[in-house]
Amino acid sequence: MEIIYDKNVLNSEYTSGPFSITEDLIRKFKSAHKPSELTCQFDEGVSAEICNLFISSLNKPDIKLDFGNVDFFSGQTVDFLSNVKAGDKLTATTKLLKVYAKTGRSGKMIFTEWNTVFINQNAKLISNMKESFVRINI
Amino acid sequence: MSQTHYALGDPIGPLEYTISDKAVIDFISINESPEKMVRFSSSAQAISKKFPACIVPGNMHLILLTEFLTKSIENISIEKIDMIFRHVVKQNIQLIIKGFIINIFYADNIKHYECDITMKNSEGIVLIIANAKFIFKNNLTIPIC
Chain A
16 MEIIYDKNVL
26 NSEYTSGPFS
36 ITEDLIRKFK
46 SAHKPSELTC
56 QFDEGVSAEI
66 CNLFISSLNK
76 PDIKLDFGNV
86 DFFSGQTVDF
96 LSNVKAGDKL
106 TATTKLLKVY
116 AKTGRSGKMI
126 FTEWNTVFIN
136 QNAKLISNMK
146 ESFVRINI
Chain B
230 MSQTHYALGD
240 PIGPLEYTIS
250 DKAVIDFISI
260 NESPEKMVRF
270 SSSAQAISKK
280 FPACIVPGNM
290 HLILLTEFLT
300 KSIENISIEK
310 IDMIFRHVVK
320 QNIQLIIKGF
330 IINIFYADNI
340 KHYECDITMK
350 NSEGIVLIIA
360 NAKFIFKNNL
370 TIPIC
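Which chain is which? The protein sequence lines are A and B, in order. Numbering-wise (our numbering), the first sequence opens with residue 16 and increments by one. Numbering-wise (our numbering), the second sequence opens with residue 230 and increments by one.
Calculated directly from the structure, the hints in this document are not laboratory data. Please note that a few of the clues may not be correct.
Stated by the list, open to error - Heads up, simulated BS3-like pairs for lysine-lysine below, C-alpha to C-alpha not over 25 Å straight-line:
(1) A:75 with B:279
(2) B:309 with A:45
(3) B:309 with A:145
Unchecked claim - The calculated label-pair distances, taken between Cβ atoms and stated as ranges, are:
(4) A:116 with B:278: 21 to 29 Å
(5) A:139 with B:329: 27 to 35 Å
(6) A:145 with B:332: 14 to 22 Å
(7) A:145 with B:339: 33 to 41 Å
(8) A:122 with B:249: 28 to 36 Å
(9) B:332 with A:23: 39 to 47 Å
(10) A:17 with B:315: 26 to 34 Å
(11) A:30 with B:237: 39 to 47 Å
(12) A:29 with B:255: 23 to 31 Å
(13) A:23 with B:353: 40 to 48 Å
Backbone N, C-alpha and C fix where the C-beta goes; we use that ideal spot for every residue, glycine too.
Modelling step: build the complete structure from the supplied sequences, incorporating the hints.
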């Protein structure tokens, strides 16, 4: 069965940012997301995990997928390539890698995979991130 | 003194905690307007979006897994994390995260460790499976015999 979506999006690059890394952002990041018993141990800037804060702000086009009604985040792979520090400005380049179907107990599912590369103002690679989403019909 | 050597099969953790609704709102608020993310803060909105309840945002989990590793094993740099959701993770439930070393290898004379990680709920249902690679920050160059 053919998956109907806007295939023009496939492998096209979409740029987002710049995302400013400020001391205030780092401070909030270090303190806000952790359970109380955890303490932050970053001592050489902030790990590339901070890029995850910008996921919802990434420029991703609607691929007009003609299936289902609910999207779930289904997975993520992140390469931590460099730390970031206050004053950095990150830019992200995102592209749709693939769209494919699987069938599980709950029926058909359509997966979309996006790849995003974050670089800083000096074009240094910060993070390579692959996200997967699944759309199902409920 | 913290442990700086791990062997195949060595456990990491476990760590038990709960991701509260307040923690989720605090996390969202770092970089987003909470009003834009109401499915994570309003049960009614979450259910209207076909979610079973307010869930933990997907992008929060990788950060929690990172914290799990850096808290459980001191002085490491994480190189990669690969994470797959098996179920959505509801807020305010007890979570148990644990891992174990599955591979040790050398590349460029640096000792790299690989581990598998699971996040389960209190009933033992696996919510997330993950794999991570890390090195110790003060990695000694060890010749491969």
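Hints versus structure:
| no. | hint | result |
| --- | --- | --- |
| 1 | A:75 with B:279 | 22 Å, holds |
| 2 | B:309 with A:45 | 20 Å, holds |
| 3 | B:309 with A:145 | 11 Å, holds |
| 4 | A:116 with B:278: 21 to 29 Å | 22 Å, holds |
| 5 | A:139 with B:329: 27 to 35 Å | 33 Å, holds |
| 6 | A:145 with B:332: 14 to 22 Å | 21 Å, holds |
| 7 | A:145 with B:339: 33 to 41 Å | 24 Å, violated |
| 8 | A:122 with B:249: 28 to 36 Å | 33 Å, holds |
| 9 | B:332 with A:23: 39 to 47 Å | 41 Å, holds |
| 10 | A:17 with B:315: 26 to 34 Å | 28 Å, holds |
| 11 | A:30 with B:237: 39 to 47 Å | 43 Å, holds |
| 12 | A:29 with B:255: 23 to 31 Å | 29 Å, holds |
| 13 | A:23 with B:353: 40 to 48 Å | 45 Å, holds |
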